[in-house]
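Engineer: These protein sequence lines are chains G and A, in that order. Residue numbers for the first sequence, in the numbering used here: 1 to 225. Residue numbers for the second sequence, in the numbering used here: 1 to 225.
Mixed in with the good hints there might be a few duds.
You can't tell identical chains apart in this list, so a pair holds if it fits in one copy or across any two.
Taking lysine-lysine pairs in the BS3-like style, the calculated list, with each CA pair at most 27 Å apart, reads [what the hints assert, rightly or not]:
id : residue 1 : residue 2
1  : 121       : 217
2  : 217       : 206
3  : 170       : 97
4  : 126       : 217
5  : 97        : 61
6  : 56        : 148
7  : 170       : 214
8  : 63        : 126
9  : 171       : 61
10 : 170       : 217
11 : 206       : 63
By construction, these hints were calculated from the structure, which means they are not laboratory data. No experiment lies behind these values; they were computed from the predicted model shown.
Number of protein chains: 2
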Amino acid sequence: MSGDAVIIVAGGEGKRMGHPVPKQFLILDRRPVLWHALTAFHRYDPDLTIILVLHKDWIPKWKEISASLHPDIRYHITAGGRTRFHSVKNGLARIEKADLVAVHDASRPLITTSLIDHAFKTARRKGNAVPAIPATDSLRIITPDGNKPLDRSTVRYIQTPQIFRMDILKKAFRQTYRPEFTDEATVVETLGESIHLTEGERRNIKITTEMDLKIAKTLLYSDDQ
Amino acid sequence: MSGDAVIIVAGGEGKRMGHPVPKQFLILDRRPVLWHALTAFHRYDPDLTIILVLHKDWIPKWKEISASLHPDIRYHITAGGRTRFHSVKNGLARIEKADLVAVHDASRPLITTSLIDHAFKTARRKGNAVPAIPATDSLRIITPDGNKPLDRSTVRYIQTPQIFRMDILKKAFRQTYRPEFTDEATVVETLGESIHLTEGERRNIKITTEMDLKIAKTLLYSDDQ
């Protein structure tokens, strides 16, 4: 039996896409986006403790949608909070015992078992693991008096799952919320912990817009990493 | 008659994709990637001076491929150089008279007429225009002793066409090459010029991998910006 856990965060209402349903509920290959993320973690380890954090208004709808989808995947549902920080904190409160805890965006449905496996292995060795890919764009940074180039070779695009030792993550989330807590890495490093980057995959995209959903449909059955 | 010009840069051999032909020659909707870029600028202004910079080994092949494609688009072909800087410099040498000169990646086939139009208008008003979109990823920056978060609200992903006054661009390209000259903006600002960012489009992607080509196919007939 696994001693690890994952918190899949879908706390937002998804109003950004102008959709009547949150983006995690949109359909990708006949199943909701969120379902793909859930399945990937279950496939990686059927004994993994899975906590799904949903906006409270959407819990009944998800239960209705999901009833026919996964009789064989067991997971806990908990209500999201005001920000991602609060949603993850609510999820963490449901985990009593675990070695490592992963936090994953519900809107990243193309996460692969190999990425999950690799990230857990890194976290077990180093205390944490955050998937990252090299920057592929030319970059500039806005300055008080204009903008200037930013050397892309030093920049990494950050993904999830972000994985941490449970004790460290719980301690980190006892801190008072700050606006700069945009992901779990930023919360944990405030304790003085170093963040260990692990290899992400370009296909592990986050679905934020209609365009992303179309791209995800294209990539779903593609072998590209 | 237009007093402007565009240099479409396809100087690379495209070996990165492991393809026998450069990525600009790959087929997107029955026509080479490069053809889409060429057509977009011709559609924007049929009188625009168009210079196509190709690796010298691929000029005969392009002439063969393109013979049946565009009897109505007139443009000049010139050979590329060792780096992008040298390729653009070769292209510039072919332009004797122009108000504004745009430089565009041949591997950005989804460029729209409206982006081109908007960028030329900005450049005419402000001296130059470089299309940029907000960073959509969480970002970290590699430091000598690890890595740290980078506030994505200050970061822009840079695209092409990058448009400049011809006199300024010619002067900038008389400088000795430096490795930090990764795009035209970095060359021009070395003269002390300020770079003016203009609104890019998320769909204006650069095709570097097989995955990008698949994504481009998906976006080609999509209305998403």
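Engineer: Could you run down the list of hints and mark each one as holding or not?
Structural biologist: Hint check:
no. : hint        : verdict
1   : 121 <-> 217 : neither (29 Å within a copy, 36 Å between copies)
2   : 217 <-> 206 : both (12 Å within a copy, 19 Å between copies)
3   : 170 <-> 97  : within (11 Å within a copy, 66 Å between copies)
4   : 126 <-> 217 : neither (34 Å within a copy, 41 Å between copies)
5   : 97 <-> 61   : neither (29 Å within a copy, 64 Å between copies)
6   : 56 <-> 148  : neither (43 Å within a copy, 33 Å between copies)
7   : 170 <-> 214 : neither (37 Å within a copy, 41 Å between copies)
8   : 63 <-> 126  : neither (37 Å within a copy, 55 Å between copies)
9   : 171 <-> 61  : neither (33 Å within a copy, 63 Å between copies)
10  : 170 <-> 217 : neither (36 Å within a copy, 44 Å between copies)
11  : 206 <-> 63  : within (23 Å within a copy, 41 Å between copies)
This entry does not satisfy hints 1, 4, 5, 6, 7, 8, 9, 10, going by the numbered hints stated previously.
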